[in-house]
Structure formats: structure tokens, C-alpha cells
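A.B. asks: Given these sequences and hints, build the entire structure.
In case you want the letters, here they are:
2 protein chains.
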Amino acid sequence: MAEITAALFFAEMRFDPENPQNPDADRFILSKGHAAPILYAAWAEAGAFDRAELLKLREIGSDLEGHPTPRLPFVDVATGSLGQGVCAAIGCALNARRISSDYRTYVLLGDGETAEGSVWEAANVGSLDKLDNLCAITDVNRLGQSQATMWQHDMAQFERRWTAFGWRAIVIDGHDIAAILDAFDEARKTKGQPTMILARTEKGKGVSFTEGKDGWHGKAMKKDELEKAVAELEQQFVHGVNVNAPDLIRKPESRQRPAETMKPVPPPSYKIGDQVATREAFGDVLAKLAQADPRIVALDADVKNSTYSDRFEKVAPERFYENFIAEQVMVGSAMGLAARGAIPWPSTFACFLYRAADFIRMAAVGGNNIKLDGTHAGVSIGEDGPSQMALEDLAMCGAEPNFTVLYPCDAVSAERLVVLAHQLKGPSYIRISRPKTPVIYPNDETFAIGGLKVLRESAQDEATVIGAGVTVFEALKAYDQLKAAGTPIRVIDLYSVAPVDVKGLVAAARATKGRVITVEDHYATGGVGDAVAEAIADAGFTVHRLAVSEIPRSGKPEELLERFGISASHIVSAVTSMVGTTAVR
Amino acid sequence: MAEITAALFFAEMRFDPENPQNPDADRFILSKGHAAPILYAAWAEAGAFDRAELLKLREIGSDLEGHPTPRLPFVDVATGSLGQGVCAAIGCALNARRISSDYRTYVLLGDGETAEGSVWEAANVGSLDKLDNLCAITDVNRLGQSQATMWQHDMAQFERRWTAFGWRAIVIDGHDIAAILDAFDEARKTKGQPTMILARTEKGKGVSFTEGKDGWHGKAMKKDELEKAVAELEQQFVHGVNVNAPDLIRKPESRQRPAETMKPVPPPSYKIGDQVATREAFGDVLAKLAQADPRIVALDADVKNSTYSDRFEKVAPERFYENFIAEQVMVGSAMGLAARGAIPWPSTFACFLYRAADFIRMAAVGGNNIKLDGTHAGVSIGEDGPSQMALEDLAMCGAEPNFTVLYPCDAVSAERLVVLAHQLKGPSYIRISRPKTPVIYPNDETFAIGGLKVLRESAQDEATVIGAGVTVFEALKAYDQLKAAGTPIRVIDLYSVAPVDVKGLVAAARATKGRVITVEDHYATGGVGDAVAEAIADAGFTVHRLAVSEIPRSGKPEELLERFGISASHIVSAVTSMVGTTAVR
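Protein chains in written order, with the working numbering: chain A, 1 to 585; chain B, 1 to 585.
Do not take every clue at face value.
[Stated by the list, open to error] Think about it this way: if two alpha-carbon atoms lie no more than 27 Å apart in a straight line, the pair counts; the simulated DSSO-like pairs of lysine-lysine are: (1) K222/B / K205/B; (2) K223/A / K436/B; (3) K314/B / K219/A; (4) K223/B / K205/B; (5) K436/A / K56/B; (6) K513/B / K436/B; (7) K556/A / K223/B; (8) K205/A / K219/A; (9) K436/B / K56/A; (10) K213/B / K223/B; (11) K503/A / K513/B; (12) K203/A / K314/B; (13) K556/B / K222/A; (14) K203/B / K219/B; (15) K314/A / K56/A; (16) K556/B / K223/A; (17) K513/B / K513/A; (18) K203/B / K191/B; (19) K436/A / K223/B; (20) K314/B / K130/B; (21) K556/B / K219/A; (22) K436/B / K314/B; (23) K556/A / K219/B; (24) K263/B / K425/B; (25) K556/B / K56/A; (26) K228/B / K189/B; (27) K56/B / K556/A; (28) K436/A / K453/B; (29) K453/B / K425/B; (30) K251/A / K213/A; (31) K213/A / K314/B; (32) K314/A / K203/B; (33) K56/B / K203/B; (34) K513/A / K213/B; (35) K314/A / K219/B; (36) K436/A / K513/B; (37) K213/B / K314/A; (38) K219/A / K503/B; (39) K436/B / K222/A; (40) K556/A / K222/B.
No lab work stands behind these hints: they were computed from the structure.
For clarity, every value in this text was computed on a predicted model and none was experimentally measured.
C.D. replies: Here's what the structure looks like:
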């Protein structure tokens with residue numbers, strides 16, 4: 001990789017080591033994140049930081065981590081989970097179009113990495129979107145971590161795949177600097193399609209005991225091996241040529257770019273009691289945001305007519321990216337877009353976001369400002385059955401320490417929470433339901449990240465019932481029945497699952513004899529119940545959880561809420577049985 | 001799909017409608033699970049069940065769900081999350097080799113579905129493994145859910161991709177029965193590579209107002225539309241030909257297959273105090289199981305030298321499947337293998353299992369008997385940094401109601417728990433660590449699914465500290481320090497995270513003044529803390545959780561345990577502060 005990296009940094013790319021985030025600078029993503037040391041060496045050589053820092057590699061006090069993260073100012077997305085960097089590169093390339101910049105995006109992959117399916121999702125989207133501002137390089141070094149790679153040095157295998165997927169494929173000797181530069185040149189001249197440079201290399205090149213040898217992946221040399229290697233390499237240097245590397249760097253033209261800002265978003269306009277699906281409200285407010293904020297982009301995976309993101313497409317088709325049925329590149333591309341200043345809203349059925357779970361994990365590692373929207377959550381989708389029911393999504397996003405997780409129950413809260421998520425800095429997830437639900441909040445109601453709404457309360461409340469999304473309405477039904485039976489309860493809409501309103505929850509528990517029941521259209525692990533339990537544990541309160549506790553099946557939504565224990569009748573039973581007993585210790 | 005399905009069921013496949021699980025019967029997987037109604041119609045026509053049942057489609061009382069699940073005896077894996085059935089088909093085809101059967105595997109994909117990266121992971125593995133007993137069909141009907149597909153009816157786009165990936169590609173008119181039969185015939189004669197039949201079709205064929213028209217995806221006809229459609233179709237029937245469909249079915253040859261059974265596994269042989277990584281013990285016991293059970297197979301994604309699954313490969317190379325860096329097909333293939341009676345152990349770094357999260361979800365839906373092993377869990381991996389640290393994996397697997405989740409802390413428990421997981425029926429996950437840890441259990445120690453071990457106890461214990469994996473040793477260190485300071489604590493190794501030993505945990509809480517502390521190398525959500533909190537909530541006890549609560553970074557393992565709040569010193573502080581206060585209500 002030494003030759004490829006040297007060519008990129010000191011001949012091909014336009015960038016500013018002192019301002020790596022210059023909006024018109026070319027991007028470089030190291031998709032094979034395990035090669036981090038050469039990335040750090042290149043930036044040090046370019047003058048971005050002191051070369052002495054390199055010796056702190058992988059130390060707890062240094063940002064030069066084992067794999068690159070955006071803790072470093074020149075890293076756009078965290079890499080190290082293979083096959084992701086190339087998806088993020090799609091997003092970087094799309095952003096150049098969005099801001100009308102001529103910056104180019106370079107991404108370096110390992111050969112073994114191209115076995116990951118996400119690479120081929122990116123390959124499809126890259127050619128469909130005719131991203132000729134994108135140039136990928138595969139370091140075909142033949143050796144994976146545990147053995148030789150799938151296609152070893154059979155370059156035709158790579159070439160025919162990338163060609164079939166619509167890319168310009170260029171096979172070169174990856175140690176021939178002139179060939180590398182020519183390939184970059186050809187890539188720059190190629191119009192209407194992205195380029196993949198397939199560089200045949202020898203791992204450990206130039207050192208007699210490592211060149212082309214297996215068994216050196218992720219392995220440090222011993223001191224005597226290192227001395228031998230350095231001695232051998234020094235013999236191969238061209239001596240007597242003195243260049244100051246930073247002098248070779250081509251900087252991007254400096255351009256005035258006005259700050260992109262957000263205009264006010266028109267408030268919701270519903271009538272209390274109207275039946276509106278939260279996904280429909282999502283589509284509507286997304287379309288409003290399209291007109292209020294030039295940074296917003298929306299990404300779909302062929303379900304826009306169900307998530308209603310097609311309402312965004314109608315008003316801003318140039319900022320709507322259709323990925324077809326490919327959730328990994330949808331989220332990966334969003335990570336790249338976010339890294340370049342766009343505010344991306346990828347949306348699909350919540351269960352299919354799970355296809356991109358590892359991308360979501362890496363977005364958390366990188367702190368990328370992505371706004372996930374997952375619709376059709378839970379058993380309340382009904383007849384389509386368990387394959388379409390997200391029951392793990394709150395756990396997936398809630399587990400990430402820097403994710404904000406919101407869960408509206410009606411159209412007004414959906415619109416308001418989408419705008420809040422859009423304005424906050426950092427990754428977030430909005431959980432959206434399929435069924436129509438009645439509007440319960442007035443249009444001017446305000447919400448807060450980390451807030452909750454007490455929907456019913458009295459000084460006599462015997463228990464607190466906490467719902468979210470569709471179960472808020474089950475809780476309200478249970479309230480009516482229990483009230484008629486002489487047992488008043490407090491009802492809470494926990495629209496902010498992470499962060500959660502600790503004070504508000506503890507206050508409710510205290511005011512209702514310590515009796516707390518959660519009810520959620522999600523499995524018991526990692527959802528509303530666990531969030532509430534953790535929030536009130538230090539105050540000494542426990543939670544009785546109503547959640548889906550077995551693999552569900554097809555049926556009508558109301559039948560399923562009943563069958564899987566999260567309907568009003570189950571809440572009534574839980575409250576009744578709790579009120580009839582005293583807390584045991 | 002009518003013509004393709006009719007040809008498959010009543011001319012091509014060998015199967016027994018009365019015994020769909022015959023080990024030598026051809027397999028049919030409907031990867032485009034949303035086409036379930038035609039699958040059900042075909043099996044009804046074949047005589048597997050009464051045609052009147054078809055009218056109960058999607059009803060809560062019927063197993064004819066919105067998308068197929070193995071609740072039906074003729075369904076191997078649940079489909080409906082696109083791009084998965086083809087991965088499972090790889091596993092079915094591999095199993096035919098394992099049991100020396102000539103059964104063939106057929107899998108039907110949608111065209112839109114082939115945008116999923118997992119399809120191309122399967123494409124690679126299918127050609128690498130030369131699976132000529134595998135025949136896939138793509139129904140190229142041009143219309144996705146929300147719009148026309150990526151490549152519409154450009155059959156060359158499909159053909160060049162599949163050819164590039166090493167498959168025999170055959171393009172046909174999918175409405176031409178003779179062409180379909182010829183293609184199946186060619187596929188059967190093709191040696192050394194799998195076949196992809198690319199069938200150009202018109203969605204809604206034969207009905208004037210649906211044929212080739214957008215807007216009918218997942219949409220039921222109105223009554224008058226249905227009458228018109230049926231009338232139009234009846235005009236096109238060949239009348240006067242009376243065939244009894246079941247008479248056309250070719251049954252598999254009946255063969256005697258002795259039941260596959262498991263021999264005893266040699267016990268562990270370690271010395272107390274030896275430093276052994278649990279991943280090494282995992283590799284060793286996997287190799288023992290290879291010799292004890294003909295059903296076991298192991299699957300890797302190019303990390304076998306780190307997970308030590310290469311020790312299995314050494315003793316049973318013919319049952320070891322290398323998927324290279326492609327976790328989705330690794331898990332999907334395992335699902336197919338499990339459906340056919342193999343007991344598959346896919347293993348990789350725990351963080352990279354997350355790449356297959358949606359496959360794991362679907363394995364739970366289908367109840368497939370897969371045995372996941374995730375190594376290098378948590379911050380204790382050290383310098384490689386956050387991209388390589390699984391901190392969500394307990395939540396991922398623990399959320400699924402039918403998953404067993406085990407977490408050994410030493411080599412003896414690792415060996416014992418792997419054998420227990422192997423013997424139980426149903427999906428399971430074993431969480432394994434990178435560092436060497438001391439052996440604490442004698443070789444004859446016994447463990448149980450749903451058990452725990454009390455490692456330290458006295459009648460004076462002031463608190464219970466619950467660890468698992470690497471944190472067990474932090475808890476033991478804290479015990480020594482606290483004991484020296486006059487504060488005895490109870491220490492529990494919670495090696496079974498799901499199911500969890502409710503009685504054992506409640507007893508410990510009761511015996512230690514209700515003071516319970518969990519400490520885990522995992523994020524706070526969905527891990528050990530949440531599992532314990534839920535287990536003891538109904539008894540009125542709460543949990544104080546020590547868990548990783550921010551995005552971690554590179555560093556030495558012990559530095560990271562300290563920095564992220566899960567080391568002995570943090571346990572000592574937590575106990576001290578808890579003992580110094582009284583529970584608040």
C-alpha cells in the first residue's frame with residue numbers, strides 16, 4: 001500500500017493538511033481500516049501532525065487508534081468493520097453533487113473485504129448513480145487474515161465482477177508508481193461511471209521474509225526482524241533525492257461557501273381525534289424539512305410508498321436517494337453524507353434497519369449525524385407476520401451510548417420529534433408504527449429530547465402505566481376501564497426512550513406507591529421496560545414489564561396485541577394484581 | 001410465478017407431500033417470501049393439506065402466515081427478509097454433500113431482492129464450493145414494491161452479474177413452460193457450478209388490468225376486480241384436460257438412513273490456575289465434537305486462526321466451510337444446514353456477527369438450531385479499538401425469546417457450555433473473550449442451561465456482585481480487597497445469561513441485604529445488568545449496573561476495564577458506597 005498511498009497523498013488528491021474538513025477537499029476513506037498505520041503515516045508526512053505522535057499508535061492517550069475513528073480530524077467515518085468504507089464513499093460522492101463541488105472521493109479496499117455483500121450493494125448504487133467522482137482502489141495482496149483470499153491473484157475474477165456491476169475496472173501492478181498515476185488519471189477522465197483500480201500487490205513487499213508470505217497479518221515484527229527489514233528496505237531507497245513531502249500537496253481551491261442553515265418548519269396541523277398513522281406524519285414533516293433545510297437528504301430501500309418518504313421525493317427529488325432493496329449501503333451512504341455536512345434520513349421498515357445493524361454500530365463509533373427512521377415496528381403491523389415485525393430495534397439503537405431514541409404515538413408528536421431529531425447533533429433513531437392512531441396532542445404541544453408526557457394523573461393514582469407508540473392507546477383504554485372500576489392510574493407516554501426522563505419517572509413511581517408497569521410492542525430485552533427499570537433502580541423502584549415474550553405470528557393487529565400480552569386487558573390485569581398485593585422484599 | 005412453481009412441483013422436484021422432511025427430498029426455498037400464497041397453493045395442490053385451508057391465509061389461527069415460517073412442515077427457513085433464502089439454500093446444498101444425498105436444492109428469488117448484498121455473498125460461496133446441486137431462479141418481473149426495479153427487464157444486467165460470479169446463467173421467458181423445463185434440465189446436467197435461471201416475467205400476467213402494471217404489490221383485489229380477473233384467466237385455461245396433480249409428483253427414492261447420534265465428549269483437562277483463553281478452549285472442544293458427532297459442521301469468515309475454529313478444520317476439513325469475509329452467508333448457510341439436520345457452529349468475532357443480525361433475527365423466527373460463537377467480545381480486546389469490540393451482542397441474541405445465551409469465564413466452563421449448547425435443541429449464542437483467563441473450575445465441574453455459580457459466599461455478605469466472562473475476575477479481585485477491608489461480598493459467575501437463574505439470583509439478593517451489583521464488558525442495554533434486573537424485579541430488588549457507558553477506544557485491556565468503569569476498583573467503590581447507604585424508597 002505504500003506506493004498507492006504515496007501516489008494518492010502526494011500527487012493525486014487535493015487536500016489541506018491543516019484543514020482536512022475543507023468542504024471542497026478530496027476525500028480518502030480507508031475501508032480496510034486495519035491498515036491504519038499507513039493512513040497515520042501519510043497524514044503525518046503531509047504535516048497534519050508531528051511524526052513523533054506515530055510512536056503512540058494504539059496507546060490509550062493517543063487518537064491514533066487500532067482502526068481509524070473520527071476522533072482524528074482527517075477521518076470521516078470509523079472503519080474496521082470491512083465493506084463499510086466503500087458504502088460511506090458513495091455518500092461522500094453524493095454530497096459533492098449536493099453542494100456542487102468538484103471534490104473527488106477515493107476509497108481503498110482490501111481484496112478479502114470484497115467478499116462482503118455490502119461492497120456489491122455499493123457497487124450497484126455507484127454505477128446506477130453514475131458516480132464518476134468516485135474512485136475506488138482494491139489492494140489485491142492475495143492474503144487474508146487466516147489464509148489466502150477467495151480469488152488470490154486471479155485479477156480477472158475481480159475485473160469481471162466490477163465490470164459486470166457497471167464500473168470502469170483498471171487492472172494494474174500496484175507497485176508501479178507510474179501505472180498507479182496513469183490509473184488515477186484515467187479514472188478522472190472517465191465519465192458516467194465510477195472507477196475501480198485493481199492493484200495487484202505483494203503483502204510485505206520489499207522484505208525477503210515477509211513478501212508474499214502468509215502469517216504476518218496483524219503481527220508485529222520482533223526487534224531483530226525489524227532491523228533486518230529496515231536494512232533491506234533502505235537498500236532499495238532512491239538516495240540523494242530530497243523532497244519536502246508537504247510541498248507536493250495540491251490544495252483545493254478556496255471557495256466561499258455560505259453556512260447552510262435551517263428555516264422554521266411549519267407546525268403540524270391535525271385535529272384531535274383524527275386517525276393518522278405516525279408514518280404518514282413522518283412523510284409529511286420530512287417534506288416540510290426538505291423545504292426548510294438544504295442539508296437534509298432522504299434515503300430509501302424500495303419502501304418509500306409505505307414509509308411515506310416518497311413525499312420527500314416529490315418535493316426534493318435531487319436530494320432523495322433510492323438504494324433499492326439494499327439497507328447496508330443506504331445506512332453506509334448516509335454515514336458518508338453526514339460526515340460531509342448533509343443531514344441524512346435513511347428510512348425503511350424498522351425490521352430491515354436490522355440488516356444494517358453493524359453499520360449502525362459503526363455510525364455510533366464514529367458519532368455520525370445520521371437520522372434513522374424505522375416504520376412498521378412491532379406486532380401491531382398484523383398479518384404480514386413475524387419476518388416484518390421489528391421487536392429488537394429499540395435494543396439495537398438504545399444500546400449505543402450516543403444514540404437518541406424517540407418513539408411517537410400520534411401524528412403531532414411524530415412531526416415534532418422528527419424536527420427535534422433533525423436539529424440535534426449526533427445519531428438518532430425514530431420508531432414509527434404502521435396503524436393509524438388518534439391524534440391526542442394539540443398542534444402547539446412541545447416536546448423535548450429526554451422528556452415524557454403524563455397523560456392521566458390524580459392524587460389517588462394506584463399505579464403508573466408507561467406506554468410508548470401504539471401501547472399508549474392500550475394504556476388509555478386500561479385507564480378508562482380501571483377508573484370505572486374505581487382504580488385510578490397514572491398514564492405516561494414515554495416518547496423519549498433514550499435519553500429517558502429519570503426525574504419524571506421516579507416522581508411518578510413515588511406518587512403511585514412504587515407500582516410501575518411498562519407496556520411495549522417490543523421484546524422484553526433492551527426496550528422501554530429495561531430503560532425505565534434502569535432509570536428508577538437507584539431510587540429503589542422496580543418495574544413490572546409487559547412485552548412480547550415469544551416469537552409472534554400473523555393475525556389482526558388487535559388480536560396480536562391481545563395474544564402477545566400487551567393490550568389494555570393485560571394492563572388491567574397487571575394493575576389489578578399489583579394493587580391487590582403489597583411489594584415483597 | 002405460476003408457471004415456474006407448477007414446473008417445479010409437478011415435473012422437476014422429487015418430494016413427498018406426506019413427508020416433506022424426507023432427508024432425500026429435494027428442497028424448495030421461497031426466498032421472495034412475500035409470494036407465500038403461491039407456495040401454499042402448490043403444497044395444497046400437491047396434497048400436503050386441504051385446499052380449504054388456503055382461505056385462512058394470514059389468519060391468527062392458521063399457520064399459513066403472511067410470509068412462510070417453519071411452523072409449516074414444508075418450510076425449512078423463515079423468509080420475508082429478502083436476500084436470506086438464497087443463503088439458506090447454500091446450507092441445504094452443503095448438507096446434501098454431508099449426508100451423501102443426491103437431493104437438489106431449488107430457491108426462488110425476486111429480481112428486486114438481488115440488490116441485497118447477501119445475495120452476492122451467496123453467489124460467491126456457491127461458485128467457490130461448486131454447488132452443482134443448487135438451482136436458483138430469479139423471477140424478473142420488473143416491478144418492486146415502490147417502483148420499477150434497478151434493472152427492470154434488462155436481462156443482460158442479471159446475466160453478466162451471475163456469470164461474473166461463476167454461475168451458469170440461463171435466461172428464459174418465465175411464462176414458457178417448455179423453456180422452464182429445459183432450463184431445469186440444463187441445470188441438472190451442469191457440473192461444477194450452480195445454476196441461476198433468469199426468468200423474464202410479467203407481474204400480474206394474464207389479467208388485463210394487472211399485467212405489467214405498477215401499484216399491485218401486496219394489494220388485494222376488490223371483489224369485482226377479482227371476478228373480472230378470474231373470468232379473464234378462465235378463458236385462457238386449457239379445458240378438458242383432467243389431471244390429478246398429486247399423480248404427477250415424483251417421490252424421492254426411499255433409503256435407509258441410520259439415525260445420527262452423538263458419542264460422549266472427552267472432558268476438559270486443564271489445571272486450576274492455568275492461563276487459557278476461552279476462545280482456545282472453544283477451538284479445542286469444537287474439535288472434540290467433530291469426532292463425537294457426525295452432525296456438527298463449523299463455518300468461518302476468515303478469522304479461524306483467531307477464533308481457533310481452525311482446530312475443527314484440522315480434524316474435520318470436509319465439514320468445515322470457509323465463507324471468507326462474508327458473515328451473512330455464513331449465518332444464512334448455517335440456517336439451511338440446521339434445517340436439514342446438521343448442527344452448525346458459525347463463529348467469528350462477536351462484533352462481526354452483528355453484520356448478520358437480521359439473519360439471527362430470522363433464525364429466531366424459524367427456530368433454527370444454529371450455534372453461534374462470538375469471540376473477542378468487549379473492551380477487553382484492547383488495542384484494536386472500538387470497531388472490533390462487541391458491546392451489543394448480548395442484547396442482539398438475548399432479545400430473541402428462543403435464544404439461549406451463555407458466557408463462560410474460563411476454559412473449563414467454555415468447554416462444558418459449548419457441549420451443552422450443542423446438545424440443546426434451538427438457537428444459541430456463546431460469548432467468548434480474547435484474553436487468557438485463569439482456570440477456576442475443576443475439570444469435572446458441571447454446568448446447566450439457566451444456572452449460575454456462587455464463587456464466594458458467607459453468612460455475613462454485605463452485597464452480591466455478579467460478573468460474567470472477564471469481569472468475574474474483576475469481581476474476585478474486588479472480593480479480596482473488600483474482604484481485607486472487612487466487607488465480605490458474594491460473588492456470582494452468571495455464565496447463563498438467557499435463561500437466567502431467577503431463584504438463585506433472588507436468593508443471593510435476599511441473603512445480601514438486597515444489594516446487587518452487576519459488572520459486564522458490554523453496554524448497559526440488554527446485557528447482564530438488564531437480565532438480572534428483570535429476574536429479581538418481581539421480588540422487589542433493584543440492580544446497580546456497572547457497564548460500558550460511552551464509546552470506547554484503543555488501549556491496553558486492563559486500562560480499558562479501568563477507564564470504562566468495569567474493573568475491580570469500580571466494584572470496590574460501588575460496594576463501599578452501597579454498603580454505606582441504606583436503600584431509599
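A.B. asks: Determine for every hint whether it applies to the structure shown.
C.D. replies: Here's how the hints hold up against the structure:
| no. | hint | result |
| --- | --- | --- |
| 1 | K222/B / K205/B | holds, 18 Å |
| 2 | K223/A / K436/B | holds, 24 Å |
| 3 | K314/B / K219/A | holds, 23 Å |
| 4 | K223/B / K205/B | holds, 19 Å |
| 5 | K436/A / K56/B | holds, 25 Å |
| 6 | K513/B / K436/B | violated, 34 Å |
| 7 | K556/A / K223/B | holds, 21 Å |
| 8 | K205/A / K219/A | holds, 15 Å |
| 9 | K436/B / K56/A | holds, 25 Å |
| 10 | K213/B / K223/B | holds, 19 Å |
| 11 | K503/A / K513/B | holds, 26 Å |
| 12 | K203/A / K314/B | holds, 26 Å |
| 13 | K556/B / K222/A | holds, 19 Å |
| 14 | K203/B / K219/B | holds, 13 Å |
| 15 | K314/A / K56/A | violated, 51 Å |
| 16 | K556/B / K223/A | holds, 21 Å |
| 17 | K513/B / K513/A | holds, 22 Å |
| 18 | K203/B / K191/B | violated, 32 Å |
| 19 | K436/A / K223/B | holds, 24 Å |
| 20 | K314/B / K130/B | holds, 22 Å |
| 21 | K556/B / K219/A | holds, 16 Å |
| 22 | K436/B / K314/B | holds, 23 Å |
| 23 | K556/A / K219/B | holds, 16 Å |
| 24 | K263/B / K425/B | holds, 17 Å |
| 25 | K556/B / K56/A | holds, 12 Å |
| 26 | K228/B / K189/B | violated, 42 Å |
| 27 | K56/B / K556/A | holds, 12 Å |
| 28 | K436/A / K453/B | violated, 49 Å |
| 29 | K453/B / K425/B | holds, 23 Å |
| 30 | K251/A / K213/A | violated, 38 Å |
| 31 | K213/A / K314/B | holds, 21 Å |
| 32 | K314/A / K203/B | holds, 26 Å |
| 33 | K56/B / K203/B | holds, 24 Å |
| 34 | K513/A / K213/B | violated, 60 Å |
| 35 | K314/A / K219/B | holds, 23 Å |
| 36 | K436/A / K513/B | violated, 48 Å |
| 37 | K213/B / K314/A | holds, 21 Å |
| 38 | K219/A / K503/B | violated, 47 Å |
| 39 | K436/B / K222/A | holds, 22 Å |
| 40 | K556/A / K222/B | holds, 19 Å |
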